[in-house]
Amino acid sequence: MYSYHGTIRVLVQVLWAHLLCGWTFGSELTFELPDNAKQCFYEDITIGTKCTLEFQVVTGGHYDVDCRLEDADGTVLYKEMKKQYDSFTFTAAKNGTYKFCFSNEFSTFTHKTVYFDFQVGEDPPLFPNENRVTALTQMESACVSIHEALKSVIDYQTHFRLREAQGRSRAEDLNTRVAFWSIGEAFILLVVSISQVVLLRSFFSDRKTTTTRVGS
Amino acid sequence: MMLTAPGAGIIILFAWLSPSNALYFHIGETEKKCFIEEIPDETMVIGKYRTQLWDKQMGSFLQATPGLGMHVEIKDPDTKIILSRQYGSDGRFTFTSHTPGEHQICLHSNSTKMALFAGGKLRVHLDIQVGEHTNNYPEIAAKDKLTELQLRARQLLDQVEQIQKEQNYQQYREERFRMTSESTNQHVLWWSIAQTLILIVTGIWQLKHLKSFFEAKKLV
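Chains as they are written, first to last, in our numbering: chain R, 1 to 216; chain H, 1 to 220.
Hints are supplied without guarantee of correctness; some may be wrong.
To spell it out: a stretch of chain H is covered by chain R in this simulated footprint if at least three of its residues, at any positions, have a beta carbon under 8 Å from a beta carbon of chain R; those stretches are [unchecked claim]: (1) 70-77; (2) 179-190.
In silico PhoX-like cross-links for lysine-lysine, where the CA-CA straight-line distance does not exceed 25 Å [to be verified]: (3) R:Lys50 / R:Lys83; (4) H:Lys121 / H:Lys48; (5) R:Lys38 / H:Lys48; (6) R:Lys151 / H:Lys48; (7) R:Lys50 / R:Lys94; (8) H:Lys145 / H:Lys121; (9) H:Lys32 / R:Lys99; (10) R:Lys82 / R:Lys94; (11) H:Lys143 / H:Lys121; (12) R:Lys83 / R:Lys38; (13) R:Lys99 / H:Lys48; (14) R:Lys79 / R:Lys151; (15) R:Lys50 / R:Lys79; (16) H:Lys48 / H:Lys32; (17) R:Lys99 / H:Lys33; (18) H:Lys32 / H:Lys75; (19) H:Lys165 / H:Lys121; (20) H:Lys33 / R:Lys83; (21) H:Lys80 / H:Lys121; (22) R:Lys38 / H:Lys121; (23) R:Lys38 / R:Lys79; (24) R:Lys151 / H:Lys165; (25) R:Lys99 / R:Lys38; (26) R:Lys38 / H:Lys33; (27) R:Lys151 / R:Lys82; (28) H:Lys208 / H:Lys218; (29) H:Lys80 / H:Lys32; (30) H:Lys121 / H:Lys33; (31) R:Lys79 / R:Lys94; (32) R:Lys99 / H:Lys143; (33) R:Lys38 / H:Lys211; (34) R:Lys82 / H:Lys208; (35) H:Lys48 / H:Lys165.
Calculated from the model, a selection of chain H residues having no Cβ within reach of chain R, i.e. all distances over 12 Å [said to hold, decoys possible]: (36) Thr30; (37) Ile82; (38) Gly88; (39) Gln155.
Read the hints as simulated data drawn from the structure, not as lab findings.
We put the beta carbon where it would ideally sit given N, CA and C, even for glycine.
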């Protein structure tokens with residue numbers, strides 16, 4: 001008797017585990033895109049799934065990148081050139097492999113660091129037997145709303161972290177640039193003023209006899 | 001309803017399996033792909049990957065290839081290597097950060113048979129989970145025997161802890177940013193003064209020198 005109930009329970013949980021593997025989680029990655037390079041990512045999506053692609057250039061050059069999103073048949077769903085940050089939501093109209101590419105081919109020597117977040121579908125539920133029809137108790141629904149709020153807090157934190165990384169990278173670039181250029185300029189100043197004097201002296205040393213002759 | 005031991009065992013087994021529907025990309029034979037994770041300290045990161053080799057004859061990707069390995073190298077923010085290991089064609093690597101900052105996860109293939117790569121393409125499915133996403137809640141529920149509400153509370157606590165760590169890290173980074181800005185400010189201030197002084201001094205020296213030169217040459 002126990003074994004029958006136990007087996008059914010195990011079977012349900014195994015089925016749920018299969019479902020869990022079927023739930024596609026969100027992928028969030030930061031990678032470096034060298035100059036004149038293109039990097040593509042692919043994902044298999046089932047029809048009707050709501051997906052969001054969000055990207056941001058963290059460091060490098062003018063902080064822009066080309067992005068292109070194609071569906072399973074190659075139809076371009078989203079295409080933007082030299083964008084710094086964008087977010088695109090779509091519902092999958094076809095089954096198949098969707099492809100999105102980031103291109104830095106317009107840049108000759110700056111490599112960029114790109115962050116992207118590709119959310120496919122919903123996050124998996126916490127419990128195996130939870131179906132949306134059964135009502136949650138007040139405590140449970142409070143927990144669910146707190147969970148959603150905290151997820152958006154984490155999302156804002158990520159965006160803030162990226163903006164801060166961008167600002168900090170610009171500030172560090174500025175600092176090194178100011179240091180080098182100041183030293184360089186001081187050196188050039190000295191060199192130019194000394195060479196001016198030397199050059200002027202050389203003019204007068206050679207033409208001393210000619211000027212006196214002209215004078216008299 | 002609490003999870004039974006064999007059920008939990010099977011779920012844990014599935015959780016360990018490599019991602020079947022994760023994001024994938026193509027990598028060349030000697031190509032090294034690096035990903036950056038900027039994380040606070042004491043944060044756990046779990047990475048799972050699965051590789052598929054392009055079969056020229058069949059014109060598709062094979063399911064699994066023996067003899068094909070991926071070398072995983074992880075560097076901490078001080079560019080010190082914290083993990084450098086060879087895994088098989090499917091692998092799972094995990095590490096916990098001890099210093100906050102940018103960690104770099106690099107993958108490159110290390111195939112023993114060069115002929116395998118004649119087609120030139122290797123498909124890598126990758127899934128990297130950071131912080132509270134690494135927690136396996138069904139496993140925790142089974143291990144600590146928690147009720148539904150307790151498990152939900154545990155999830156919220158983990159999330160809040162992650163937020164707190166990120167805020168601490170943010171404070172540390174903001175301080176670095178402020179130090180960089182103040183250093184730039186100091187540079188600009190002192191170098192401007194120095195350059196103005198050099199300008200004035202060299203101007204005076206030029207005039208004095210030329211005046212004495214012309215007087216010597218009897219032109220003035």
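Against the structure, the hints come out as follows:
Look at the region 70-77 of chain H against chain R: 0 of its residues bring a Cβ nearer than 8 Å to a Cβ of that chain, fewer than three, so the hint is violated. Interface restraint, the region 179-190 of chain H with chain R: holds (6 residues with C-beta to C-beta distance below 8 Å; minimum three). The straight-line distance between the Cα atoms of Lys50 (chain R) and Lys83 (chain R) is roughly 23 Å, inside the 25 Å bound, and the hint therefore holds. The suggested pairing of Lys121 (chain H) with Lys48 (chain H) holds, with an alpha-carbon distance near 20 Å, which does not exceed 25 Å.
With a C-alpha separation of about 24 Å, the suggested pair Lys38 (chain R) and Lys48 (chain H) falls inside the 25 Å cut-off, and the hint holds. A C-alpha spacing of about 23 Å is found between Lys151 (chain R) and Lys48 (chain H), which places the hinted pair at or below 25 Å, so the restraint holds. Restraint check for Lys50 (chain R) and Lys94 (chain R): the C-alpha separation of about 12 Å stays at or below 25 Å, so the hint holds. The hinted pair formed by Lys145 (chain H) and Lys121 (chain H) fails the criterion: a straight-line CA distance of about 46 Å is larger than 25 Å.
Using a Cα cut-off of 25 Å, the hinted pair Lys32 (chain H) and Lys99 (chain R) holds, with the two alpha carbons roughly 21 Å apart. Between Lys82 (chain R) and Lys94 (chain R) the CA atoms are separated by roughly 28 Å; this puts the pair beyond 25 Å, and the hint is violated. Taking the CA atoms of Lys143 (chain H) and Lys121 (chain H), the gap is near 42 Å; set against the 25 Å cutoff, the hint is violated. Between Lys83 (chain R) and Lys38 (chain R) the alpha-carbon distance is near 15 Å, which keeps this suggested pair within the 25 Å criterion.
For the proposed pair Lys99 (chain R) and Lys48 (chain H), the alpha carbon gap of about 21 Å is at most 25 Å, so the pair holds. A distance of roughly 28 Å separates the Cα atoms of Lys79 (chain R) and Lys151 (chain R); the hinted pair therefore is violated under the 25 Å criterion. For the hint pairing Lys50 (chain R) with Lys79 (chain R), the CA-to-CA distance comes to about 19 Å; that is within 25 Å, so the pair holds. Taken as a hint, the Lys48 (chain H) and Lys32 (chain H) pair is honoured in the structure, with Cα atoms around 17 Å apart against an allowance of 25 Å.
About 18 Å separates the Cα atoms of Lys99 (chain R) and Lys33 (chain H), which keeps this hinted pair within 25 Å; it holds. Of the supplied pair hints, the one linking Lys32 (chain H) and Lys75 (chain H) holds, its CA atoms being roughly 14 Å apart against a limit of 25 Å. For the hint pairing Lys165 (chain H) with Lys121 (chain H), the CA-to-CA distance comes to about 40 Å; that exceeds 25 Å, so the pair is violated. A threshold of 25 Å between alpha carbons decides the hint, and for Lys33 (chain H) with Lys83 (chain R) the separation of about 23 Å falls inside it, so the pair holds.
At most 25 Å may separate the alpha-carbon atoms for a hinted pair to count; Lys80 (chain H) and Lys121 (chain H) exceed this at roughly 30 Å. Annotation: proposed proximity of Lys38 (chain R) to Lys121 (chain H) holds, straight-line Cα distance about 15 Å (limit 25 Å). For the hint pairing Lys38 (chain R) with Lys79 (chain R), the CA-to-CA distance comes to about 14 Å; that is within 25 Å, so the pair holds. In summary, the hint linking Lys151 (chain R) to Lys165 (chain H) is supported, as the alpha carbons are separated by about 15 Å, within the 25 Å threshold.
For a cut-off of 25 Å, the pair hint linking Lys99 (chain R) to Lys38 (chain R) stands: about 13 Å separates their Cα positions. Distance check on the hinted pair: Lys38 (chain R) and Lys33 (chain H) sit about 13 Å apart at the alpha-carbon level, within 25 Å; holds. The straight-line distance between the Cα atoms of Lys151 (chain R) and Lys82 (chain R) is roughly 30 Å, outside the 25 Å bound, and the hint therefore fails. Proposed proximity of Lys208 (chain H) and Lys218 (chain H) is supported: the alpha carbons are some 15 Å apart, at most 25 Å.
At most 25 Å may separate the alpha-carbon atoms for a hinted pair to count; Lys80 (chain H) and Lys32 (chain H) meet this at roughly 18 Å. For the proposed pair Lys121 (chain H) and Lys33 (chain H), the alpha carbon gap of about 14 Å is at most 25 Å, so the pair holds. In summary, the hint linking Lys79 (chain R) to Lys94 (chain R) is supported, as the alpha carbons are separated by about 19 Å, within the 25 Å threshold. Proposed proximity of Lys99 (chain R) and Lys143 (chain H) is contradicted: the alpha carbons are some 40 Å apart, above 25 Å.
Among the hinted pairs, Lys38 (chain R) with Lys211 (chain H) is inconsistent with the structure: their alpha-carbon atoms are about 64 Å apart, more than 25 Å. Between the alpha carbons of Lys82 (chain R) and Lys208 (chain H) the distance comes to roughly 56 Å, so the proposed pair goes past 25 Å and is violated. Between Lys48 (chain H) and Lys165 (chain H) the CA atoms are separated by roughly 24 Å; this keeps the pair inside 25 Å, and the hint holds. Remark: the non-interface label on Thr30 (chain H) is consistent with the geometry, its nearest Cβ contact in chain R lying 15 Å away (cut-off 12 Å).
Against chain R, the non-interface label of Ile82 (chain H) holds: every CB pair exceeds 12 Å, the least being about 18 Å. Remark: the non-interface label on Gly88 (chain H) is consistent with the geometry, its nearest Cβ contact in chain R lying 20 Å away (cut-off 12 Å). Against chain R, the non-interface label of Gln155 (chain H) is violated: not every CB pair exceeds 12 Å, the least being about 7 Å.
Checked against the numbered hints above, the structure violates hints 1, 8, 10, 11, 14, 19, 21, 27, 32, 33, 34 and 39; every other hint is satisfied.
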